[in-house]
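Make the full structure from the sequences, and use the hints.
Number of protein chains: 2
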Amino acid sequence: MAQPPIICTVDVVLLCLKDAALHVALLRRDHAPFAGALALPDGYVDPEQDRDAQDAAVRILREKAAIVSPYLEQLGTFSGKGRDPRGWSISVAYYALVPAHIMDLARHPALQLLTVDHLKGQPFDHREIIQAAVERVRSKSTYSSLPVYLCGERFTLPQLQGVYEALLGEPVNKVSFRRKMDELDILEPIPGAMETGRANRPAQLYRLKKKYRNQLSLTGRGLNPDPLK
Amino acid sequence: MAQPPIICTVDVVLLCLKDAALHVALLRRDHAPFAGALALPDGYVDPEQDRDAQDAAVRILREKAAIVSPYLEQLGTFSGKGRDPRGWSISVAYYALVPAHIMDLARHPALQLLTVDHLKGQPFDHREIIQAAVERVRSKSTYSSLPVYLCGERFTLPQLQGVYEALLGEPVNKVSFRRKMDELDILEPIPGAMETGRANRPAQLYRLKKKYRNQLSLTGRGLNPDPLK
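Those sequence lines, one after another, are chains P and D. My numbering puts the first sequence at residues 1 to 229. My numbering puts the second sequence at residues 1001 to 1229.
Think of the hints as simulated: they come from the structure by calculation, not from any bench. Computed from a predicted model, the values in this text were never measured in an experiment.
Far from chain P by the CB rule (all over 12 Å, computed), these chain D residues:
#	residue
1	Leu1027
2	Leu1038
3	Gly1192
If we take Cβ atoms under 8 Å as the criterion, some of the chain P residues that face chain D in the derived model are:
#	residue
4	Pro5
5	Ala53
6	Lys81
Using N, Cα and C, we set each Cβ at its ideal position, and we do this for glycine too.
The following block contains the structure:
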């Protein structure tokens, strides 16, 4: 049986935390459909160079936003006749989390950060995809270490607590937050490293334990310093 | 840009609980590739008749297993060059839960129920897809009403507790189970309906509250009594 052609794409929801609010990175589209609109970084799956859809997502994020994310997970697949004017399409959507300073380092000229709570006018079903990603991240934040990927490589516990609070949209009890971090058992204090630049007394800096750090260290190593090369 | 052709299919992991063990429904394949092997009900996405991939999953489950499931959810998408000998493919996988007696009613001649814990020899990456579905269902069972979809329309609380225990693979404390059911607030006793056929004293029969029942009632209405036509 010959299957009528179906457009296969990948969309990436790239999230970071800026000014205590979750932001999504959108790109100004330079071609039809929806040329000029701010949309998710996306692209065709290329059977000749992509091993699978996740591989395509990594490539598209690198090519279009000059970023390699330490956390990239499949969000879900969006499909149907109406979502793309070019025809019946399947888009496998991924979400990625990066510390805000990585987004600054990438300095991609067409990349814009928008707060996720006031989106409008995105083409395709990109707003729906972004909302699904935000819901997933907020829901996972209640029980997992996921928010750590929005921090840099060194952070104080109050800073990390602030990240959880920003994601959950409500204050977190300090004692139960520390107990939860103890239970997750993923952090270690950096010997001798204190943050002293604030008005408060110096605070111990923490990092991910080594076995969890490989993934996070990709942030620096994978970053392409010149997106225009 | 013309995209090289990609095979787009849908796979459905149809689960039920039988003899206190989770079972998956597999079909004997009647065509290549892997003709004769026991595999998940699957099929091509058909852009001419399917509104989206979920629509394709509903159609394939109806056509190939003669079942309409009250619970059908997207599991994830499996893709790449190596998973299908016909070429680079994307398969959107769904999982469905049905009470065991619905599986019996469908009586599809090519359908076989296998326990999910002793699978081997499935073609494609179907074993991996089944394992992902089982993991999802077991994980969701710890905090949601999902297991109710594995019961029939009437059940006693000890029967429902047994379903949770079978999914979680461990005994559940009766008091905390009942507290959890109260919190979920999805069940109601059926007035005057008791189960009396057992050695124990008669037990109250329960059902889903009306607002949750629409979905479940599809089980009966959607069932195709003749799987061969």
